[in-house]
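Undergrad: Okay, here's what each chain looks like letter by letter:
Protein chains: 2
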Amino acid sequence: MSADVIKVGLLGLGTVGGGVIKTIRSQQEKLSARLGKRIEIVKALVRDSEKERAVQIDQAILTTDFEDVLKSDVDIVVEVMGGVEPTYDYVRALIEKGCHVVTANKELLAKRGTELVELANQHEVHLAYEASVAGGIPILSVLRQFLRTNDISGVRGILNGTTNFILTKMEAEQLSYQEVLKEAQELGYAEADPRSDVEGFDAMYKLYILAQLVYGESLPLADVVRKGISDLSAGHIHIASELGYRIKLIAQAYQTEQGIRLSVQPTMLPVVHPLAQIQDAFNAVQLSGNIVGDLLFTGRGAGELPTASAVVEDLAYLLTQPFAPHPAWKEIAATQSGALQEDQCSLCYLEGSCSSATPDRVLHFLRTAGVSIHKLKVQFDLGGVLRAGLITSGLTAEHEAVLESDFGLSVRCFPVLETAE
Amino acid sequence: MSADVIKVGLLGLGTVGGGVIKTIRSQQEKLSARLGKRIEIVKALVRDSEKERAVQIDQAILTTDFEDVLKSDVDIVVEVMGGVEPTYDYVRALIEKGCHVVTANKELLAKRGTELVELANQHEVHLAYEASVAGGIPILSVLRQFLRTNDISGVRGILNGTTNFILTKMEAEQLSYQEVLKEAQELGYAEADPRSDVEGFDAMYKLYILAQLVYGESLPLADVVRKGISDLSAGHIHIASELGYRIKLIAQAYQTEQGIRLSVQPTMLPVVHPLAQIQDAFNAVQLSGNIVGDLLFTGRGAGELPTASAVVEDLAYLLTQPFAPHPAWKEIAATQSGALQEDQCSLCYLEGSCSSATPDRVLHFLRTAGVSIHKLKVQFDLGGVLRAGLITSGLTAEHEAVLESDFGLSVRCFPVLETAE
Numbered sequence: 009m010s011a012d013v014i015k016v017g018l019l020g021l022g023t024v025g026g027g028v029i030k031t032i033r034s035q036q037e038k039l040s041a042r043l044g045k046r047i048e049i050v051k052a053l054v055r056d057s058e059k060e061r062a063v064q065i066d067q068a069i070l071t072t073d074f075e076d077v078l079k080s081d082v083d084i085v086v087e088v089m090g091g092v093e094p095t096y097d098y099v100r101a102l103i104e105k106g107c108h109v110v111t112a113n114k115e116l117l118a119k120r121g122t123e124l125v126e127l128a129n130q131h132e133v134h135l136a137y138e139a140s141v142a143g144g145i146p147i148l149s150v151l152r153q154f155l156r157t158n159d160i161s162g163v164r165g166i167l168n169g170t171t172n173f174i175l176t177k178m179e180a181e182q183l184s185y186q187e188v189l190k191e192a193q194e195l196g197y198a199e200a201d202p203r204s205d206v207e208g209f210d211a212m213y214k215l216y217i218l219a220q221l222v223y224g225e226s227l228p229l230a231d232v233v234r235k236g237i238s239d240l241s242a243g244h245i246h247i248a249s250e251l252g253y254r255i256k257l258i259a260q261a262y263q264t265e266q267g268i269r270l271s272v273q274p275t276m277l278p279v280v281h282p283l284a285q286i287q288d289a290f291n292a293v294q295l296s297g298n299i300v301g302d303l304l305f306t307g308r309g310a311g312e313l314p315t316a317s318a319v320v321e322d323l324a325y326l327l328t329q330p331f332a333p334h335p336a337w338k339e340i341a342a343t344q345s346g347a348l349q350e351d352q353c354s355l356c357y358l359e360g361s362c363s364s365a366t367p368d369r370v371l372h373f374l375r376t377a378g379v380s381i382h383k384l385k386v387q388f389d390l391g392g393v394l395r396a397g398l399i400t401s402g403l404t405a406e407h408e409a410v411l412e413s414d415f416g417l418s419v420r421c422f423p424v425l426e427t428a429e
Numbered sequence: 009m010s011a012d013v014i015k016v017g018l019l020g021l022g023t024v025g026g027g028v029i030k031t032i033r034s035q036q037e038k039l040s041a042r043l044g045k046r047i048e049i050v051k052a053l054v055r056d057s058e059k060e061r062a063v064q065i066d067q068a069i070l071t072t073d074f075e076d077v078l079k080s081d082v083d084i085v086v087e088v089m090g091g092v093e094p095t096y097d098y099v100r101a102l103i104e105k106g107c108h109v110v111t112a113n114k115e116l117l118a119k120r121g122t123e124l125v126e127l128a129n130q131h132e133v134h135l136a137y138e139a140s141v142a143g144g145i146p147i148l149s150v151l152r153q154f155l156r157t158n159d160i161s162g163v164r165g166i167l168n169g170t171t172n173f174i175l176t177k178m179e180a181e182q183l184s185y186q187e188v189l190k191e192a193q194e195l196g197y198a199e200a201d202p203r204s205d206v207e208g209f210d211a212m213y214k215l216y217i218l219a220q221l222v223y224g225e226s227l228p229l230a231d232v233v234r235k236g237i238s239d240l241s242a243g244h245i246h247i248a249s250e251l252g253y254r255i256k257l258i259a260q261a262y263q264t265e266q267g268i269r270l271s272v273q274p275t276m277l278p279v280v281h282p283l284a285q286i287q288d289a290f291n292a293v294q295l296s297g298n299i300v301g302d303l304l305f306t307g308r309g310a311g312e313l314p315t316a317s318a319v320v321e322d323l324a325y326l327l328t329q330p331f332a333p334h335p336a337w338k339e340i341a342a343t344q345s346g347a348l349q350e351d352q353c354s355l356c357y358l359e360g361s362c363s364s365a366t367p368d369r370v371l372h373f374l375r376t377a378g379v380s381i382h383k384l385k386v387q388f389d390l391g392g393v394l395r396a397g398l399i400t401s402g403l404t405a406e407h408e409a410v411l412e413s414d415f416g417l418s419v420r421c422f423p424v425l426e427t428a429e
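So the sequences go chain by chain: A and B. Each residue of the first sequence is one higher than the one before, counting from 9 in my numbering. Each residue of the second sequence is one higher than the one before, counting from 9 in my numbering.
Wrong hints could be hidden among the right ones.
To be verified - Simulated pairs of lysine to any residue, SDA-like, Cα-Cα distance not exceeding 25 Å:
1) Lys30/A with Leu371/B
2) Lys38/A with Tyr262/B
3) Lys105/A with Pro335/A
4) Lys38/B with Gln266/A
5) Lys38/B with Thr264/A
6) Lys15/A with Arg156/B
7) Lys38/B with Leu221/A
8) Lys38/B with Phe331/A
9) Lys385/A with Phe373/A
To be verified - Computed far set for chain B versus chain A, every beta-carbon distance over 12 Å:
10) Val54
11) Asp66
12) Tyr98
13) Leu127
14) Arg156
15) Asp239
16) Ser241
17) Ser249
18) Gln287
19) Ser363
20) Leu371
21) Arg375
22) Ala409
Stated by the list, open to error - Some residues of chain A that are not near chain B, with every Cβ distance over 12 Å (derived):
23) Ala41
24) Leu127
25) Val233
26) Glu321
27) Gly392
Just so you know, the hints here were simulated from the structure itself, not pulled from any lab data. Note that the structure is a prediction, hence the values are computed from the model and not measured. The beta carbon of each residue, even a glycine, is placed where N, CA and C say it ideally should be.
Turn these sequences into a full structure, and let the hints steer you where they fit.
TA: What follows is the structure in structure tokens.
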């Protein structure tokens, strides 16, 4: 690095990239005092160098050619372009030139992190990624700190702000998924193609990164249970609420005797559960340490400045730390299925015609089959449609099949997370 | 320090001291790997060396004479005996011998911290105190991290678990303060002499420490607004709830044009406010950074292991860091009174006989006096007692005096914290 300037390259200049520039500018004095050097953005890779931007930037810094970044001899690259291709190739080339990397890209880390960590260690450069999980919540640094004096048994949370915003609105305004999605897209909370958020991919990538940190390993992505929220109906949310529950897209990693398990799925929480209180686009992460107990961290999980705050903090931190090898990332295939365990409580939502399924007959069948029913809510509408919510344990896929075939019911079961867990 | 052992002295062996010993034992392997040395408790100062203890400890380690600790050549002292005298003298003597200090003692820090910080800097020893605020929540380390890239405008929270437990119980079970205090004492959540907790001293000490960190200065303790919970009645809590509010003992530090202000007082929160959700003996701290936005951290604020976790983490952390001077602590006297600002919203609780104060007459007086009334709840009981809750702005001490003298009402006003703030 040169004597008095740290040369930073930017890959991507969207919302977060703009936030990084603004933050470096507004905090330049603080940063210089801490680092003894000025931070300068010397090159920024963009798709379109003519585009109008919310942040003022010298046109000469912009380039659409990655080779310009590579040739500009940057000390550190901040990768906020997203995606895996060509991002992986770019980051790889920069690491091989001895450049430190700060990234907010959870997909890249979840898909190619094992290689990137190894490569960074080989070339003795820092790879920092606090911004990739839960935006401004410093969850990775907090986890690293706790891991030094605690065994952490599990971590769970709401890791995607878009889906939490949608679920909050669906409940509060009794709207359908499609109506709220449209509004979220208009507000800029959801992408034009919302699949990564609403199908749980984004939360899964973040969970994968958390698992690598907490357990020193993760499951391959293919072994992570992943269910999204796009098939949730106002009926599900209403019945849940009548039974005292709220649906959240919960990501969790925990240890079992057969190894770790990772899941991202709509989950029923008692309304008094701390994670049930997390509304709108907020994120929250709960961790359980054997010594410190349960802790909960809440904050904005995305957005220009919260994410930029984490990026700039990583950048400043790594400049003050000597290189130390990053613990290797490993993937261990799951040894058991990710399906609901039979003894686990679930909330089952049944819907169908009263003519084929009367509550009496349905309950008789379930009880005879050995399913325990802890709580029950039944509704009929004028059109003769039965909607029922049951808190059950012992309900298997076979029982679900019978409810569908013999009673003509559509069935959707959600795992239940109790407060005491 | 000797080649392969770090010699630790303990001042105090109560609940937290026992937790520290248990934690060091259960995490010895992890700690040794990290530090390259074994941690050994070589001396523990206790009041009574014959007392039965929850933790097994070699009798030869115990002493009732501080001189034994001083002579035993410890590298680090863990101070968990509490109080200011003689604790201050002991800690001072150890610092002067070049011994690092880890303390969980908020009272000591709030009353003598400016001197201890200066002394530690003079003797180039670490002074670490994560455990002194919010138990296992790593709030000081998180704040230090954010301060590097954020300007923090304010910090507020629930810093005392005992009072939060009492308020939670009073509301949930509609019990009086005295009934719940008794239960809390039986459960070990409150001390036999509960004054430090229930009168807000404990929370004030913690707030003082937070202010030193966030602003590089604090007010002298005498300038901190401090009100406790011992005069809260079931009536206050009931009226608050009817108006959509919940009372919490809120500690906050914030900047005004006239300098910083610190207060600890029962405060009305809308029930949807994140801090209103913090129940039982939990603590929570909310901070607002200009870049990261609002963050909330929740966890157990006290107890054997959460506090011990913070102590042991401090201990291990300082052993891996070279000495760096601690920023000096300063005290700046307040330049304005800590009373409620006139334009601030407050919830006023009025109680008196219907014969002297009819709602009509009271409201007429307030409106004529220019007080705005945003929300109102009035109750009468069979005995002719009027109880009213008013959300007002513009109510001054003079108005309160008139309500008391001319209407024979008892008046208690609480500041209101709105969600949007």
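Undergrad: Which numbered hints are broken by the structure, listed smallest first?
TA: 1, 14, 18, 23, 26
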